[in-house]
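Participant: For reference, the chains in residue letters:
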Amino acid sequence: MVFELNYKSAKPVYLQLVDQVKASVASGAARSGDPLPSIRPLAEELRVNRNTVAKAYTELENQGVIETLAGKGCFITNQPSPLRKEARLKLVTQELDDAVIAAFHLQIDRAEFLRLAGDRFESFTKRRDRALQD
Amino acid sequence: MSTESPAIEIRDLVRRYGRTDAVNGLSMTIQPGRCYGFFGRNGAGKTTTIKCLLNLLRPSAGQVRVFGLDPAKQEVAVKSRIAYVPDQVGFYPWMTVREALQYAASFRSRWNTDTERLLLDRFRLPLGHKTSHLSKGQRTQLALIGAICPEPDMLVLDEPTSGLDPIVRREFIQTVIGAYQEGAPGTRTVFVSTHLISEFEGLIDDFTIIDNGRDVLTLDADTARARYRKIYARFPSPPVGLALEGARLLHQHGREFQFVVNGNADAVKARLAAHSPEVMETESLTLEEIFVSTLQTSGATA
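Top line first, the protein sequences correspond to chains A and B.
Following the working numbering, the residues of the first sequence are numbered contiguously, the last one being 134.
Following the working numbering, the residues of the second sequence are numbered contiguously, the last one being 436.
Bound-form chain A, shown alone (with noise of 0.2 Å):
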């Protein structure tokens, strides 16, 4: 997994890194039983405070998307979300929201917006599939 700060961006640092672990799991980059690094030598890499990234692995260990064997490390997981269904669509309402938001104010109407979105979801489960045949 590659991983790339970038410090002009507004986003908190470990936040950049759990997203990007996120994304690289629903494009089929990384698969349930992947390792990730060590956190020492990818906080060396990055040259980021070793903090950062274990609070990094803190949260996507909350979020269900790694977990932690002991003696072993950190591994993406498939395991289902612990959270309820309202939970979930709720969580994901709130980043629609803002995707509606920007669709407004540069004047995508409806019918593009779905289409759109039904193209992005599309190429994630496309990635995803791809990969898995690789």
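It is worth saying that the hints were derived from the structure and are not from the lab.
Just so we're clear, the structure is a prediction, and the values are computed from it rather than from any experiment.
Heads up, a few of these hints could be off.
Claimed, not checked - If you want the ones that stay clear, here's a sample from chain A, every Cβ over 12 Å from chain B, calculated:
| id | residue |
| --- | --- |
| 1 | 19 |
| 2 | 34 |
| 3 | 88 |
| 4 | 91 |
| 5 | 113 |
| 6 | 116 |
| 7 | 125 |
| 8 | 126 |
| 9 | 127 |
| 10 | 134 |
Unchecked claim - Subject to a maximum C-alpha distance of 27 Å in a straight line, what follows is the list of computed BS3-like cross-link-like pairs (lysine-lysine):
| id | chain 1 | residue 1 | chain 2 | residue 2 |
| --- | --- | --- | --- | --- |
| 11 | A | 8 | B | 403 |
| 12 | B | 364 | A | 11 |
| 13 | A | 11 | B | 403 |
| 14 | A | 22 | A | 85 |
Each residue gets a CB set at the ideal place from its N, CA and C atoms; glycine is no exception.
Assemble chain B onto chain A, guided by the hints.
Facilitator: Chain B in isolation, oriented as in the chain A frame:
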């Protein structure tokens, strides 16, 4: 909040040299386990502040505490918990690398020989060489080994990487992260004074910018990058009556504008949007850009 004493607590510190106030009313608090950046221009008062922490200088006024202790009264207790790497590292020139490390270890109750071996290996330092024959980079590496092996609760670094080549600088920072921080995750404190801010960007949890001996900005790094934004806007024609309050104009070339905002990016963007820009882009300022921007602003009002 924990009841543990802050790693460093400085209240209204003043330190004069003759009639010059090198430090003039500085306050800051550094919590244990954090990596704290102390940013300032040359002559801003960084080294004087650090020397007050180590009892190398007595404050003219104000209060300095290290782990709750007064460095002037409990110097040994303070120094046993910290290690210091200054920008100009000195060793007894007749000592070899091995002797210099043995000498440093003789002052310490703890000395991690595994770490010593690992770092000597990583830096490829010749054990038998006289310290007087080492390059500036090698001397800094040797000082870093001497600072990390006693496993102090706090590492105080004063301009540690200035004058070093990029490879040595990179290894230095990686060593602080790996060999030092990893030894006791979450509890070891790093206090680094530097003007090479971009190199330490990823390491910094919190920072204070010092100017003319006074703290001018203290923030945590994530909040700082979220607050300080650069907005670029290009209009079809130069806008008339553009209200600029709350934004600092960096550049204007005809119909192109670049602003810096602090915490009010959305309000400023909404005002810019009312003038129908062709393009509007926002990015966060890096810590180095925040440093420059802060000092330009404080200089303008001084």
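Participant: Next step is simple, just say for each hint if it's right about the structure.
Facilitator: Structure-based check of each hint:
1. Under the 12 Å C-beta cut-off, the non-interface status given to residue 19(A) relative to chain B holds; the minimum distance is some 14 Å.
2. Even its closest Cβ contact with chain B, about 23 Å, leaves residue 34(A) beyond 12 Å, as expected for a residue assigned away from the interface.
3. Once the 12 Å rule is applied to beta carbons, residue 88(A) is consistent with being away from chain B; the minimum gap is 26 Å.
4. Residue 91(A), annotated as away from the interface, keeps every beta carbon of chain B farther than 12 Å; the closest lies near 21 Å.
5. At roughly 20 Å from the closest C-beta of chain B, the C-beta of residue 113(A) stays outside 12 Å, upholding its exclusion from the interface.
6. Every CB of chain B lies more than 12 Å from the CB of residue 116(A), the least distance being 21 Å, so the non-interface label holds.
7. Against chain B, the non-interface label of residue 125(A) holds: every CB pair exceeds 12 Å, the least being about 31 Å.
8. Its beta-carbon lying about 30 Å from the closest one in chain B, residue 126(A) satisfies the requirement of being farther than 12 Å from that chain.
9. Distance check on residue 127(A): its Cβ is at least 28 Å (rounded) from any Cβ of chain B, clearing the 12 Å threshold; non-interface status holds.
10. The beta carbon of residue 134(A) is kept farther than 12 Å from every beta carbon of chain B, the shortest such distance being approximately 32 Å.
11. Between residue 8(A) and residue 403(B) the alpha-carbon distance is near 18 Å, which keeps this suggested pair within the 27 Å criterion.
12. Distance restraint check for residue 364(B) and residue 11(A): the Cα-Cα separation of roughly 15 Å lies within the 27 Å cut-off, and the hinted pair is therefore satisfied.
13. For the given pair, residue 11(A) sits about 18 Å from residue 403(B) by alpha-carbon distance, which is consistent with the 27 Å threshold.
14. For the proposed pair residue 22(A) and residue 85(A), the alpha carbon gap of about 19 Å is at most 27 Å, so the pair holds.
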